[in-house]
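Undergrad: The lines below spell out each chain.
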Amino acid sequence: DAKTTQPTSMDCAEGRAANLPCNHSTISGNEYVYWYRQIHSQGPQYIIHGLKNNETNEMASLIITEDRKSSTLILPHATLRDTAVYYCIVEGSSNTGKLIFGQGTTLQVKP
Amino acid sequence: KAGVTQTPRYLIKTRGQQVTLSCSPISGHRSVSWYQQTPGQGLQFLFEYFSETQRNKGNFPGRFSGRQFSNSRSEMNVSTLELGDSALYLCASSLRAGANYGYTFGSGTRLTVV
Numbered sequence: 004d005a006k007t008t009q010p011t012s013m014d015c016a017e018g019r020a021a022n023l024p025c026n027h028s029t030i031s032g033n034e035y036v037y038w039y040r041q042i043h044s045q046g047p048q049y050i051i052h053g054l055k056n057n058e059t060n061e062m063a064s065l066i067i068t069e070d071r072k073s074s075t076l077i078l079p080h081a082t083l084r085d086t087a088v089y090y091c092i093v094e095g096s097s098n099t100g101k102l103i104f105g106q107g108t109t110l111q112v113k114p
Numbered sequence: 005k006a007g008v009t010q011t012p013r014y015l016i017k018t019r020g021q022q023v024t025l026s027c028s029p030i031s032g033h034r035s036v037s038w039y040q041q042t043p044g045q046g047l048q049f050l051f052e053y054f055s056e057t058q059r060n061k062g063n064f065p066g067r068f069s070g071r072q073f074s075n076s077r078s079e080m081n082v083s084t085l086e087l088g089d090s091a092l093y094l095c096a097s098s099l100r101a102g103a104n105y106g107y108t109f110g111s112g113t114r115l116t117v118v
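If you're matching them up, the sequences are chains A and B in order. Counting in this note's numbering, the final residue of the first sequence is number 114, and the numbers go up one at a time with none missing. Counting in this note's numbering, the final residue of the second sequence is number 118, and the numbers go up one at a time with none missing.
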């Protein structure tokens, strides 16, 4: 079973920030939080990951709460091309390639 | 650098046949994982290979098998195809499996069983 809980769907206006929440209340100390997204009929695309500190890259920011039980992916200026299914995944250091995907959040960016 | 390459992109097979799908990982990546994606079940892990050894296997019947070659390229095989095997098959590569390495996915092979 997936170790994360995400809302099924969200809408966001183009140009505004999209904030996608994820609950991972059973996360253990050595598990990372990863975010991927999948645009229709393509392979999932890596976005960002983190352990305990907030992270930022050219695509997004990841905010992890101090207790690490939840996180938020922030797309600062959403565009129509950001419309996709976003997956939040936790993975431990001993994992051997097995990512457990939940149902993800379908983000619809609207003009 | 070149991404993860999966061939073929589309495939139509008849029930009872077998099929082989190929995945070429990013140069230098030694871990290759395979996933099946269907509308009903979502993305499900099939198996993972590292240095030609299968290290992890998902909950799929023995009709699903795979292997990895010395150059890290991987193939998966499905024998005695069933209609329910129709899916998008994705492979992902990583320097090595485990946290903090990240995975790069290919565009997938769309298999239709008729």
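Keep in mind that the hints were calculated from the coordinates and are not lab data. These numbers come from a predicted model, not from an experiment. Heads up, a few of these hints could be off.
[Claimed, not checked] For lysine to any residue, the following SDA-like pairs were computed, each having C-alpha atoms within a straight-line distance of at most 25 Å:
#	chain 1	residue 1	chain 2	residue 2
1	A	LYS6	B	THR108
2	A	LYS72	A	SER44
3	A	LYS101	B	SER31
4	B	LYS61	A	GLN106
5	A	LYS101	B	PHE68
6	B	LYS17	B	ARG34
7	B	LYS17	B	ASN75
8	A	LYS101	A	LEU54
9	A	LYS6	B	GLY44
10	A	LYS72	A	LYS101
11	A	LYS6	B	GLY32
12	A	LYS55	B	GLY46
13	B	LYS17	B	ILE30
14	A	LYS72	B	GLY20
15	A	LYS101	A	ASP14
16	A	LYS113	B	ARG67
17	A	LYS101	B	VAL118
18	A	LYS101	B	LYS61
19	A	LYS101	B	SER26
20	A	LYS101	B	GLY20
21	A	LYS113	B	LYS17
22	A	LYS72	B	GLY44
23	A	LYS6	B	ARG77
[Unchecked claim] Residues from chain A shown here face chain B by an in silico Cβ test under 8 Å; the list is partial:
#	residue
24	CYS15
25	PRO24
26	GLY32
27	TYR49
28	GLY100
29	LYS101
30	GLN106
Glycine included, every Cβ here is placed at the ideal spot set by N, Cα and C.
Undergrad: So, for every hint listed, does it hold in this structure?
TA: Hint by hint, here is what the structure shows:
{"no.": "1", "hint": "A/LYS6 - B/THR108", "result": "21 Å, holds"}
{"no.": "2", "hint": "A/LYS72 - A/SER44", "result": "31 Å, violated"}
{"no.": "3", "hint": "A/LYS101 - B/SER31", "result": "21 Å, holds"}
{"no.": "4", "hint": "B/LYS61 - A/GLN106", "result": "21 Å, holds"}
{"no.": "5", "hint": "A/LYS101 - B/PHE68", "result": "16 Å, holds"}
{"no.": "6", "hint": "B/LYS17 - B/ARG34", "result": "30 Å, violated"}
{"no.": "7", "hint": "B/LYS17 - B/ASN75", "result": "28 Å, violated"}
{"no.": "8", "hint": "A/LYS101 - A/LEU54", "result": "18 Å, holds"}
{"no.": "9", "hint": "A/LYS6 - B/GLY44", "result": "19 Å, holds"}
{"no.": "10", "hint": "A/LYS72 - A/LYS101", "result": "21 Å, holds"}
{"no.": "11", "hint": "A/LYS6 - B/GLY32", "result": "30 Å, violated"}
{"no.": "12", "hint": "A/LYS55 - B/GLY46", "result": "28 Å, violated"}
{"no.": "13", "hint": "B/LYS17 - B/ILE30", "result": "28 Å, violated"}
{"no.": "14", "hint": "A/LYS72 - B/GLY20", "result": "46 Å, violated"}
{"no.": "15", "hint": "A/LYS101 - A/ASP14", "result": "30 Å, violated"}
{"no.": "16", "hint": "A/LYS113 - B/ARG67", "result": "43 Å, violated"}
{"no.": "17", "hint": "A/LYS101 - B/VAL118", "result": "30 Å, violated"}
{"no.": "18", "hint": "A/LYS101 - B/LYS61", "result": "8 Å, holds"}
{"no.": "19", "hint": "A/LYS101 - B/SER26", "result": "19 Å, holds"}
{"no.": "20", "hint": "A/LYS101 - B/GLY20", "result": "29 Å, violated"}
{"no.": "21", "hint": "A/LYS113 - B/LYS17", "result": "39 Å, violated"}
{"no.": "22", "hint": "A/LYS72 - B/GLY44", "result": "28 Å, violated"}
{"no.": "23", "hint": "A/LYS6 - B/ARG77", "result": "30 Å, violated"}
{"no.": "24", "hint": "CYS15", "result": "23 Å, violated"}
{"no.": "25", "hint": "PRO24", "result": "19 Å, violated"}
{"no.": "26", "hint": "GLY32", "result": "11 Å, violated"}
{"no.": "27", "hint": "TYR49", "result": "5 Å, holds"}
{"no.": "28", "hint": "GLY100", "result": "3 Å, holds"}
{"no.": "29", "hint": "LYS101", "result": "5 Å, holds"}
{"no.": "30", "hint": "GLN106", "result": "6 Å, holds"}
Going down the numbered hints, you'll see the structure goes against 2, 6, 7, 11, 12, 13, 14, 15, 16, 17, 20, 21, 22, 23, 24, 25 and 26, while the others check out.
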